[in-house]
Amino acid sequence: MSDSPYWNPRHETMSRDELSALQTRKLKALVGWADANVPWQAKRLRDAGVTADSIASLDDLRRIPLMTRDDWMQGQLEQPPYGTNVAVDPSAAIRYHMTSGTTGKTPIRVLDGPKDWEWIAEMWCYGLWGFGVRPADTLFVAFGYATFIGFWGLHYAGEKIGCLVLPGGAMTTDQRVSTIVDMGATVVASTPTYALRMAQEAKAMGIDLAAGPVRRLILSGEPAGSIPATKKLIEEQWGAKAGDTAGMTELGTIMIFECERQPGGTHIIEDHYIEEVLDPDSGEPVPYGEMGERVVTSFGRGFIPVLRYRTRDFVVKVPGSTCPCGRTFDIYEGGIRGRVDDMKLVRGTNVYPRAVEAIIREHPEVDEFQIHLYTAEGIRDEIEILVEIPDPAVDADASVAAIGKELADTHEGLRFEVRRAEDGSLPRFELKAKRLVDERTVIGSEGERREANR
Amino acid sequence: MKDATGTRELTAGEQKIVEAYAALREALTAHRTELPPFAERSAVRAVAVLWQAMNGLDMDPGQVYHLGA
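Protein sequence lines, in the order shown, are assigned to chains Z and X.
Mind the numbering: the first sequence is residues 0 to 453 in numbering that gives the first Met the number 0, read in order.
Mind the numbering: the second sequence is residues 0 to 68 in numbering that gives the first Met the number 0, read in order.
Mixed in with the good hints, there may be bad ones.
What the hints assert, rightly or not - Within a straight-line C-alpha distance of at most 20 Å, the following computed EDC-like cross-link-like pairs (lysine to aspartate or glutamate) qualify:
| no. | chain 1 | residue 1 | chain 2 | residue 2 |
| --- | --- | --- | --- | --- |
| 1 | Z | K27 | X | D2 |
| 2 | X | K1 | Z | E275 |
| 3 | Z | K27 | X | E13 |
| 4 | Z | K159 | X | E13 |
Calculated from the structure, these hints are not laboratory results.
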């Protein structure tokens with residue numbers, strides 16, 4: 000079976016009816032566990048009339064109250080440091096992790112027991128194996144191993160599969176590139192942004208990564224792994240296939256991965272999660288092919304049970320059968336499309352950073368960019384795009400003009416001021432990139448004005 | 000031996016894993032005080048690892064925090 004393209008062949012190819020039965024059985028057990036061990040969850044469930052015995056099918060899922068990040072944070076305030084959603088005495092934990100804090104908010108803190116920690120790696124195994132990573136591979140992990148969960152699970156998944164794992168923490172970018180080359184790494188894990196950064200560094204060092212042995216890139220941490228132009232750029236620069244994955248600290252690991260067939264989306268690991276897609280306003284399910292908000296229920300980590308958690312991620316779900324790989328697991332077409340909170344209203348037009356990146360990455364001459372929002376003359380929203388175009392052989396003025404036109408064309412004619420930034424002047428990122436800087440003092444000059452939350 | 004759904008017969012290899020998991024659990028419940036630290040902690044870790052196989056085989060292994068795993 001070691002030649003199977005699937006990590007768990009039976010689960011990944013079972014019929015949708017069998018999958019529903021499996022999920023229902025696990026949901027019943029999860030509700031029973033939360034009810035018995037988490038008083039905060041028990042009250043919510045019982046107030047909604049939900050007990051394990053009352054779960055007969057997946058239709059019963061919708062009777063479970065939705066949980067929000069605010070609920071989570073409130074719990075941490077009421078019962079610091081870990082909150083009210085903890086099922087086991089913290090002394091039983093072997094791991095502590097927290098969110099990356101890129102939003103500036105108080106981090107979510109999580110604990111894992113030994114079984115949870117193994118499960119976190121198990122989820123990454125679905126993704127690595129499904130994208131063709133095998134025991135003979137040498138896996139370099141470009142990640143600053145610390146309290147952010149990041150690629151910790153991937154590291155142990157690589158060991159579990161039998162790869163030679165090279166931990167790339169506490170290194171400069173040139174040291175990482177040198178290690179990848181010197182050790183003959185065949186698989187590299189990083190954020191999409193950092194994959195591009197390493198490629199830039201390699202070029203500066205006179206190294207042709209595309210001629211080297213790297214054959215797979217495992218991307219995570221940003222939606223860019225599923226932006227076609229960004230993925231194409233990464234694949235060209237590395238001469239390797241790039242596969243998107245996405246996870247979250249609240250779950251401890253990934254919940255979606257791109258398979259080797261690269262269907263333009265990511266399979267949901269549906270034997271371990273139920274992923275609903277709901278209208279963020281009405282809370283009603285949206286059909287296949289329509290964008291909505293991800294709501295996740297996890298059968299993995301028991302230390303902190305996650306039942307119907309609103310993620311604020313935008314996704315479009317399509318049937319697994321749209322991919323030729325044989326998996327029955329449904330797909331998020333285009334991966335994570337962005338976050339509800341990412342959207343910016345600029346002079347009445349919705350601007351999503353992902354959409355801006357998709358256009359800029361069509362211009363490989365741009366090494367780095369930044370989206371800058373500010374208030375002009377005390378009243379008017381302005382959006383400018385700063386771009387670094389270091390190659391003197393490129394007609395930078397023409398590029399700047401083209402990017403400005405393409406952005407306007409895709410944003411109802413909104414004027415983007417595209418300006419060149421000095422080479423190397425824009426921030427570089429190792430983890431989650433933060434390319435949007437919102438310095439507006441008032442927001443929404445065409446609509447309801449409010450003080451910016453600065 | 001069938002899985003927890005009662006519909007699928009486990010293969011011989013899968014049955015061996017189920018038996019190993021059961022034996023480890025037994026060691027940690029009935030014989031824990033006899034075990035030296037290296038053996039006890041190795042067994043706990045092994046339970047955490049084999050739980051993944053039990054879960055993947057649809058053996059509904061439940062939670063194992065009470066074993067320290």
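Hint check:
1. Using a Cα cut-off of 20 Å, the hinted pair Z/K27 and X/D2 holds, with the two alpha carbons roughly 17 Å apart.
2. A threshold of 20 Å between alpha carbons decides the hint, and for X/K1 with Z/E275 the separation of about 31 Å lies outside it, so the pair is violated.
3. Taking the CA atoms of Z/K27 and X/E13, the gap is near 25 Å; set against the 20 Å cutoff, the hint is violated.
4. Annotation: proposed proximity of Z/K159 to X/E13 holds, straight-line Cα distance about 18 Å (limit 20 Å).
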